[in-house]
Structures are given as structure tokens and as C-alpha cells.
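J.: Between the sequences and the hints, there should be enough to build the whole structure, so can you do that?
Taken in order, these protein sequences are the chains called A and B.
Residue numbers for the first sequence follow the working numbering, so the first one is 17 and each next one is one higher.
Residue numbers for the second sequence follow the working numbering, so the first one is 17 and each next one is one higher.
Calculated directly from the structure, the hints in this document are not laboratory data.
Please read all numbers here as calculations on a predicted model, not as lab measurements.
The reader is advised that the hints may include incorrect statements.
Since the list gives no way to pick one copy over another, a pair counts as held whenever it fits inside one copy or between any two copies.
Unchecked claim - Lysine to aspartate or glutamate pairs mimicking DMTMM-like chemistry, simulated, CA-CA at most 20 Å apart:
{"id": "1", "residue 1": "Lys195", "residue 2": "Glu124"}
{"id": "2", "residue 1": "Lys123", "residue 2": "Asp134"}
{"id": "3", "residue 1": "Lys188", "residue 2": "Asp262"}
{"id": "4", "residue 1": "Lys57", "residue 2": "Glu379"}
{"id": "5", "residue 1": "Lys123", "residue 2": "Glu278"}
{"id": "6", "residue 1": "Lys279", "residue 2": "Glu171"}
{"id": "7", "residue 1": "Lys121", "residue 2": "Glu175"}
{"id": "8", "residue 1": "Lys279", "residue 2": "Asp249"}
In case you want the letters, here they are:
Protein chains: 2
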Amino acid sequence: MALPFTIQAQAGSARQACIHTAHGPVGTPAFMPVGTSGTVKAVSQDILEELGAQIILGNTYHLYLRPGHELVRKLGGLHKFMSWERALLTDSGGFQVFSLSELRKVKEEGVSFRSHLDGTSHLFTPERSMEIQIALGADIVMAFDECTEHPAERERARESMEMTLRWAKRSKDYFEAHKHEVPWGDWGIGTSEHRDIGSSEELDNPACSAENSGNLPTTPALFGIVQGGMYADLRRESAERTVELDFPGYAIGGLSVGESREKTMEMIAAVLEILPKDKPRYVMGVGYPEEIVQYAAMGVDMMDCVLPTRAARHGLLFTSEGRINIKNARYAQDQGPADPKCSCRVCARYTRAYLRHLFVSAEPLAGVLNTVHNLAFYLDTMRSVRHAITLGDLSGILSGGVSLT
Amino acid sequence: MALPFTIQAQAGSARQACIHTAHGPVGTPAFMPVGTSGTVKAVSQDILEELGAQIILGNTYHLYLRPGHELVRKLGGLHKFMSWERALLTDSGGFQVFSLSELRKVKEEGVSFRSHLDGTSHLFTPERSMEIQIALGADIVMAFDECTEHPAERERARESMEMTLRWAKRSKDYFEAHKHEVPWGDWGIGTSEHRDIGSSEELDNPACSAENSGNLPTTPALFGIVQGGMYADLRRESAERTVELDFPGYAIGGLSVGESREKTMEMIAAVLEILPKDKPRYVMGVGYPEEIVQYAAMGVDMMDCVLPTRAARHGLLFTSEGRINIKNARYAQDQGPADPKCSCRVCARYTRAYLRHLFVSAEPLAGVLNTVHNLAFYLDTMRSVRHAITLGDLSGILSGGVSLT
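T.: Laid out in C-alpha cells, this is it:
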């Protein structure tokens, strides 16, 4: 099987499951920290392990430009390059071409663009995206899609959706023909030297472990992406036709692009009705803590977002008492931890007064500590969600807002 | 005793000793990482503990401006503020007033200056420096001195030296009258919860531990500072007259300010002849790995420098194979560790290729990992020096250049 996915418990529409990758198990619902350029900004890999992260993202656009996918392939793939033995997912590069690059031009063939780093010209096609992602060697790779801009007229959203469907087919064709070229070798496969250090995952999720994985994949798995703008019927059609292409998992893209949160939920709900229940379902680029809990309750299995890491570098901390801006003068003499209910290494040792001092002094340690705490909050939140699903009741977490631990 | 100092072994002029502070033992010769604003830039306190740092520096000028010494005092002192239970040393603020502030004016009373942060006017006097340092509450505080500029005519160097001697007397008078006002409370005194985590100090330095400390100090200790420019006779006179003032330790300031390395050594040698052998001797602001080994061999007990941390943030790594600039293209595919002889957590996990990628991508993790390695190299170097002294022979380390581990 391309990507074993075992559902272990359900509570309403929510499911607690396990994705068995070649690089270890991923308990879901999962929040995936974003490691843009082969690093979750400011955090070392051992800390990510300690926080219990079982899967992180890499960004194809960034890694393609620097250090280059051929270099990464030559050095054994992204897992080995960044010394990360757990699961990895790469995006298709499409979203960042749309948001970061200059002089972007979309054609049937693909997207031509200029690098935001040096202005050089490049072309991403579905085939090229697959080639790059296979060279990087993530466990889960994403079909090359067009992230429809917002707002978009209905006809424009339909055209874009149709393009994404054609690109999905081309992505799959290339991927199936080349997926065995992944540069994994033996590195990180079936080992647990780094994987289990400090992870408390086993404690609350005993059935999702390497021992229970049966036959592990020997290649990456390709996920299709549903588009369709903010039109529920287009979203449903996109989902149906993407499912017809038959992927081992499905993502919902093009959300959290400026629409209301109600609209986001409406689109997710429409698509979840169509997507098969026996495969992982991934909403890309979301969200705030209360959002990811809500989407998990609706039956979403995977989510990723730069919010906890990017906000941390701007001094915004997520806590059980709500969001706090650590640079606020009110914290100058606050001897309490960032979050009194958090047991992360930052909250266990440092005060808000110290974190504020680091931030207003522009000390590099500010970004490190703030990021570690925010990731701990997000990962603990998802751990609580998984636990609640195994108990069969998410109502406590949903009513508790962000007070999740 | 103001600051118990027990010499445990000697090899030529070098000594292996132990300084017993209220916040734990410091095995010497010691290199002290610089924690400018209450943080060793980019490195968390638990990593410093793991690296075996037993004492770090704080900069009075920076902490006075931000977050302010009164705030630090109110929050229990710098140890508690930054969650550092081991020993701390603060400088007098003099050197940074000279090097960083604007519109500086030196008078007999002290130095008036404008903050480099906001242009506000301030006055540092010997008394004010003591007041600030006692509020910060380091274990070792430094007399307020004038760091003579280089080059300086003989007469100017003498005048400056005389001023430093008068200021040393005023520093001591104020310090003795107020040292009991230190805001230590019970925090970090006699505890070892954080202190011993991951430190390998006990392994190579068994006699320098909290158990062997006898009566621990209940106040900070004030060190005098020898000046005198680049004139050996002025240095000797400064040393003699500073010793007459009777401090529990002595520093040699005003070196590494642009003079040749031979001149630095000449000045250190001249002063070491005068300073009492039964008290710690500290050379401020040095140096490269081969320098600190050389000075330790001459009988210096303590050194500090921003070099390993600042160089790290610029991509310069110190290794047993010499210095390497990690951004060099030759490391793009280098799968070896930063230093094949180093066992730090960076060298144990990451390749030069990855470190280069992080650095050229301006990733915050670059500064973190480079700093951890450089500090490991410096601290391991001093650990090797201490071990060699206990074996009675430094010749191997001195002839080995930087290949110290």
C-alpha cells in the first residue's frame, strides 16, 4: 500500500489515526511545523523531536532555489541533509511561486517565474515539481496545483480548478514513473536513533508506533489537491474528479487566503463530504489554535501553518490564556512563565519578564525560545485532540476555546 | 574569605585551580562566554550548562540601559532573571562606554555619555558602577576603570593609569559599604538543580566541586584592574599599586586593543610577575584559541572574549583543523562534521554542507549551531588545558597549536 493509514478511534466526524511512513509513524490529527528551507526557523532538530513533532514540512520552492534539489539528492535526500529521521512532507512549489516570485506567468505547460533571490528565470511544471520533490525525497509529496487567487470570479475559479486537475494527472503520471528514484538509501529507514528521543507520543498514542506499522512504504506517496475557489459546488466537483485520479491522500488547497473563517469552514465541510474516509485528509496552510481544533473535529487529519513559528519571531505567543504580545510593557516585571499550563522547556525555565527583555533587545534567543513555546502549544493542542478522540468526546476541547492542556 | 581560590595543580607557571563562588565552583584556567544582555547570543542556558560553562559574563553597560539594573534587582538579580544558577561576572561598564556610547566625556568624577540606543544622557562613576553591579548581583564584579586607548603616549597612559587607581579606591570603598545589598536571596545558592545537568566538568576536575567548597561567599567579590597602556614599567607600577589596595582577584585590562600579540604577551608577563600567586588572575577580552592556551600556560586563570560567539554569527568556525569559513563553496557538499574531533551536539548531528546551507540562507539556526560549536571548542580547549596541568605537562597542548582535543 502506498501509505498505510489506520483509523484507531472516532468521535463524531473526527478520527484518530496513524499514518505509517518509511520514516516513522505520524499520529493524526497532526499539526505539521513548517521547515521552509530545511529548518524549522530557529529550532534545532533535537528540540523538534523533544516536542514530539512526527512530521515537518519542507518548501520545494525554497529548497529548489537554495541549496538546490540536485545537491540535496546527491547528499542523500532532505532527511539526511537536515538530519531528520522522522517523516517529511514537501509542498509542490506552486503556492510559493504565486506568493513570492516575480514576473510569474501561468501557462498550460506550467509556471515561469523569476527567483526572489537573484532574479534568475525558472519554469515549474507538474513534471518538474515531481522531479524536484522526488529528489528531495519527502515521505509525502504534493501534486503541482494552481492556488486560485482570492477573490476570483466563478469562471476564473473553474478554469483554475480545471488546470489543477490536468496538472494533477500529469503530476501522477510522472510521479508513478519516477517515484522509485527517491534517494533514501538506508538512512533513517526503520531506525529510531533520533526518532524516539524525548517524544511523549508513545504515551498518549500507543497504537501509532513503528512496531505496528506492518509493511512500510518504499517510496513517497503523492497527494492530490482540491481547489475550486470559494464555490462549494466547484470544490465538490474538484474533490470528485481528484478522487477519480486515485491518490493515497488528499489535500484541500487555496484556503486561508483572505476569506472569512466561516467560508473556510464551509469549503472544508463541502470537500470532506466527498473525500474518502479511509485516506488522510490535509488542509493546507491553517491556522490559529482554535481553527485547527475545529477542523480536526470536522475530520481533517493533517494541517500545517507558519503561524506559530512566524508569530513567535514577532513576539506573539499562544497560551492557554489566549494570545499575548510579549513586547508589551505589562510583562516587564512578570515573573510567571509564558503559559502557566504549559510544561515546555521554555515555560519550565524562563519568565515573561526575561522573554520580553530578549525580544525588545532583539536578541536571537528571543526567536528561539518563542518558537519552541509556540510549537509546544500547537503540538500539545493536537495531542490533546488525539487523546480526546480516543476518549470519544471532543466537546470539552471545542468548548474550551484555546484552553487545551 | 571573599572568594576562596584553591590551587590544585601546577605545571610550570600554569595553575589548575578552583574558584568557589556562591553559585558553584569554577575550574580554572577558565574561558568565560560573554552574555552581553543577559544571554549568550543565540544559545539557551541549558545548552551552556551542557557545554560545561561554569561562569559567564554580563555587560553592565548593556544591562543598565536595558532592562535596567533596578528592574533586575527587583526581580531577584541577574542569576534569577536569566535563570542561570552558576557563577556570573559583570564588567564595570567602562570598556563599553568607551567603545559604544556617543559624546563620551571623561572627568575625575566619572564618564558622562549618551546611550547608543536612544541618545539619553548618563553618568557612570566608580560608585555608580558598583551600585549597578551590586544590583545585578554577579558573583564577581569589576572595578570601574579607564580602558586606555591605543596607541597612547607614555604621559597619557600614566595619567589614565593614575585615574584608574583613584577609581579603583573609590570602587572598593563603595563596594565594601554596599556589597551586602546584593539581591541574591536564596535563589540559586547552594542548589544544583540546573548546575550539574550535562556538565562533564566533574569528570576531569574532581576536586573542583560544590562539595569541596568549604565556606562559600555570601557577597560578590570585587576585582581590581591593572592598566598602563603598552608600557611594561607602567603596567608593573599599576599592578603593584592595585595590589596595595588589596582585592580578592586581579584583572589585566586594556589589552587586545590593536597591539601586536607579542606586545600583549609582554604586558601580561610583566604584570603576572607582580600579581599575587594565591589569587585569581584574569586577562580581559582575549582571545583566539591558541592565545588563551598560551596565556593559561603563563599563569592566567580567567579569560573572556566575544570572539567565539561573534565569529560564529559571521560563519567562522574554530576547529581542530584550524578556522573555517562555513560559507565557502568548498563546504557545499561536505558531509563531514564541522570538526571531526569535536563531540558537541552540533558535530554529532549536522554536516558542514547543512551548516553552510543554513548560513548562506541567513537562517536563524545557523547562528545557534555555529555558536554552540564554537563555545564547545573553546570550553573543550580549556578543559584540555586543565587536564594537562593536572598531569603536569602543557607542552603537548602548546606545541599542538589548535589541535587540542
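J.: Each hint needs a verdict: does it hold in this structure or not?
T.: Tested hints:
Neither within a single protomer nor between protomers do Lys195 and Glu124 lie at most 20 Å apart by alpha-carbon distance, with minima of 24 Å and 77 Å respectively. For the homomeric pair Lys123 and Asp134, neither the shortest alpha-carbon distance inside one copy (23 Å) nor that between copies (53 Å) is at most 20 Å. Proximity of Lys188 to Asp262 under the C-alpha cut-off of 20 Å is restricted to the intra-copy arrangement: shortest distance 9 Å within a copy versus 81 Å between copies. For the identical chains of this complex, Lys57 and Glu379 are neighbours both inside a copy (15 Å) and across copies (7 Å), given an alpha-carbon limit of 20 Å.
For the identical chains of this complex, Lys123 and Glu278 are neighbours neither inside a copy (32 Å) nor across copies (68 Å), given an alpha-carbon limit of 20 Å. Only within a single protomer do Lys279 and Glu171 lie at most 20 Å apart by alpha-carbon distance; the minimum there is 19 Å, versus 79 Å between protomers. In the homo-oligomer, the alpha carbons of Lys121 and Glu175 lie at most 20 Å apart inside one protomer (15 Å), although the nearest pairing across protomers, at 71 Å, exceeds that limit. For the homomeric pair Lys279 and Asp249, the shortest alpha-carbon distance inside one copy (13 Å) is at most 20 Å, but the shortest distance between copies (81 Å) is not.
Violation of the numbered hints given earlier is confined to hints 1, 2 and 5; the remaining hints are satisfied by the structure.
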